[in-house]
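> Chains as they are written, first to last, in my numbering: chain A, 1 to 384; chain B, 1001 to 1314.
Worth flagging that the hints you see were computed from the coordinates, not collected in a lab. These numbers were taken from a predicted model, which means no experiment stands behind them. Where hints are given, some of them may not hold.
Simulated restraints, written as ranges between beta carbons of each label pair [claimed, not checked]:
| id | chain 1 | residue 1 | chain 2 | residue 2 | range |
| --- | --- | --- | --- | --- | --- |
| 1 | B | Tyr1304 | A | Gly154 | 28 to 34 Å |
| 2 | B | Ile1244 | A | Gly150 | 27 to 33 Å |
| 3 | A | Ala57 | B | Gly1121 | 27 to 33 Å |
| 4 | B | Thr1127 | A | Gly369 | 47 to 53 Å |
Partial selection, computed: residues in chain B whose CB lies under 10 Å from chain A [stated by the list, open to error]:
| id | residue |
| --- | --- |
| 5 | Gly1073 |
| 6 | Gly1082 |
| 7 | Arg1084 |
| 8 | Ala1209 |
| 9 | Asp1214 |
| 10 | Val1226 |
| 11 | Leu1236 |
Cβ coordinates follow ideal geometry from the N, Cα and C atoms, glycine included.
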Amino acid sequence: MSAFALRNISKSYGTNSILNDVSIEAEDGEFIALVGPSGCGKSTLLRIAAGLDHGDAGSIWMGGREITAEHPADRNVAMVFQSYALYPHLTAEQNIAVPLAMRTLSTLQRMPLLGRFVAGRSTAQAAIKQQVLATATSLKIDHLLDRKPGQMSGGQRQRVALARALVRQPGVFLMDEPLSNLDANLRVHTRAEIVDLHRRTGVPTIYVTHDQSEALSMADRVAVMMGGKVLQFASPADIYDDPRHVEVAKFVGSPRINIIDAVTADNGAVFFSGKAVVDGVTGPAGTPVQLGIRPERIRLRPQGAKGIAAIVTRLEFLGSEVLVTTQADGAGDGIVIKAAPADVSHLGAGSPVALQIDADACLVFGQDGLRVPLRATARIAVDA
Amino acid sequence: MHETAIANLLPADRTTARQAAIRAAKREERVAWQLAAPAILLIIVLILLPTLAVFVFSLTNYELGYDDFQFIGLDNYIELFGDRTFLISLKNTAVYTAIVTPFSVFIGLGVALLIESETRGRAFFRTVYFLPVASLLVAMATVFQYLLHPTIGPVNAMLSMLGIAGPNWLGSSSTVLTSLAIIGIWQSVGFNMVLFLAGLTAIPRELYAAAEVDGAKGSWERFRLVTWPMLGPTTLFVTTISVINAVKVFETVKTLTEGGPNKASEVLLWTIYQEGFVYLRVGYASAMTVIFLAFLIVLMLVQYRVLDRRVHYT
Ligand SMILES: Nc1ncnc2c1ncn2[C@@H]1O[C@H](COP(=O)(O)OP(=O)(O)O)[C@@H](O)[C@H]1O
Ligand SMILES: [Mg+2]
């Protein structure tokens, strides 16, 4: 039984299918990242999880209880919106207090003037104030409590929005691209803070982002979504090293994975530039496949060494590493290699090199995009 | 690094740079005046000069048709505050405004909220409610005259079916102002609704989503938490416009009651019209106009000074 689960959710607007049989679940204390290009339906899924929208099919579960039909207010979810959605007429303190006030004060106690005379209000309010202050202090925004959102910077607003979600213990946290409006520095910093906060509270979290590096670095498990489908739902390492679909392989990792069109030969060997690089592909010979190789899994060797002959076309210096673009026969747009600066200092555009590829670095995808399993005996074909 | 570079500039270079800056500022100022000149001219010719003329007239005993006139100082104003008709007219205008403004604002808001929450027929209802704004009030006045007629009018016919003896709506001094106010509300609700609809569409949808997640379950709670505060600037504007329009009531009075019966529907513009265009006492009418303008200006200043700070949150 998972702490929070979305099961077989489908949703379409008119004839436009937005979500197609999507299932995701979070265990207790788990941080789930939902990543995908924009427009793939991430926000729609999150809104359905919060109860702000309803799916055409599927069910939503929290701790073994079905909440599919429940109103957002009853679901005990907390959400951080991309635009922060702070109430502009309320101070930070009042903003953070809203979820508490709505739940602990009665309608009568919340009345503008009358409320003052309803029994129990002042005790309840003192408790709320205490909680708000504690949350604000933990997020280091206690000095901003008197300000209205209009008087705060983007980063400060983002913190207030986080505080408003954190101030009570929800069954699940839903965050919709909470960092996308921050500048790059603050984003990396806040990333770590959100993970820390999550560790401390232990509330299962579903974190939506279009940034694959954010997803990989923050989450316990990552769901990669494209075109309304979850293509893979696995740990960051599995997503990166063992992608189930060519789109997952292409979406995750920077620089992007090299994808080379190839054809299988007898006994399931895959040829690239006239040389077999890996074998063990099941199925008939002559099947078109896509060969995926991560840039850091290719090694540059001097011309004439064993490997695939190629010509350097471009070098991009990134500080700790260099991206080398090379052109080889049959490699389409070129092959990108990530190398250490010291190893490529002698190279320039036009330098001839040899590319050494290990068989276990080769990911083979079928025509439908799905990963083709290799026989256990698959071996290195570009011999060292 | 920047500072040191500037500090190292020779004094001569600095003065050249400063002169260039001064020249650029002057050029910009000249262009600004050139661009603003047509608007400034129009404001002077169309608004400031006529207002000034009215003020000057108000200090004279000028009457249309007579060749000469004298400046009589504040005599017109002194006469005004002893003029029973004018005082009645001030009071009636205030009562009329006090009825029409809140009703037309809150009914306009209510209708806008209903239309906003309805997906089907939204355009239809919007048009229907806007019709009174677009229609000619003078023409519609005849319809109201018929509707409110004490003997043949359908309103009283319906009331009598319920066993209630309807009043002589426009003919009795106790009901005439209320009747005119109802017509005024009928006319301005549509306009206010359109303004509120525009204000509603400007509220970010995510605020409602946040309110729901935060526990605002009912529509009243969402209204209190999001709609009402976010509509603040719109409400202030709508209220200001409604007050101004109510204070300017004239057509219905002119066509339906002519200030009667027994001055019970005597309102400011009607009194000014009588003095200026019927008795041709331009000077006296001008003094009333000045009071009328001062009244509006004070009202607007109060509204903006007091309320503006409370409805704009940034
Ligand atoms: N209310 C709506 N009506 C019609 N289409 C919608 C609506 N909301 C979202 N969509 C469509 O659903 C798709 C997914 O949107 P969204 O969930 O916001 O994507 P993401 O958050 O992944 O960028 C988009 O193509 C968008 O145009
Ligand atoms: Mg989105």
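> All hints are to be evaluated individually against the structure, with a verdict given for each.
Taking the hints in turn, this is what the structure says about them:
1. Checked against the given bound of 28 to 34 Å, the beta carbons of tyrosine 1304/B and glycine 154/A, roughly 30 Å apart, stay inside it.
2. At about 29 Å, the CB distance of isoleucine 1244/B to glycine 150/A agrees with the hint of 27 to 33 Å.
3. Roughly 30 Å separates the CB atoms of alanine 57/A and glycine 1121/B, a value that falls within the hinted 27 to 33 Å.
4. Taking the beta carbon of each, threonine 1127/B and glycine 369/A are about 52 Å apart, inside 47 to 53 Å as hinted.
5. Evaluation of the glycine 1073/B hint against chain A yields a violated restraint, the C-beta minimum of about 50 Å exceeding 10 Å.
6. Violation of the interface hint for glycine 1082/B is found here, the shortest Cβ-Cβ separation to chain A being roughly 43 Å, above the 10 Å cut-off.
7. Proximity of arginine 1084/B to chain A is violated relative to the hint, the smallest CB-CB distance being about 41 Å (cut-off 10 Å).
8. Hint status for alanine 1209/B: holds, given a least beta-carbon distance of 5 Å to chain A, under 10 Å.
9. A distance limit of 10 Å between C-beta atoms decides the matter here; for aspartate 1214/B the minimum to chain A is near 4 Å, and the interface restraint holds.
10. Against a cut-off of 10 Å between C-beta atoms, the interface hint on valine 1226/B holds, since the closest Cβ of chain A lies about 7 Å away.
11. Look at leucine 1236/B: its Cβ only gets to about 13 Å from chain A, farther than 10 Å, so that hint breaks.
Checked against the numbered hints given earlier, the structure breaks hints 5, 6, 7 and 11 and satisfies all the rest.
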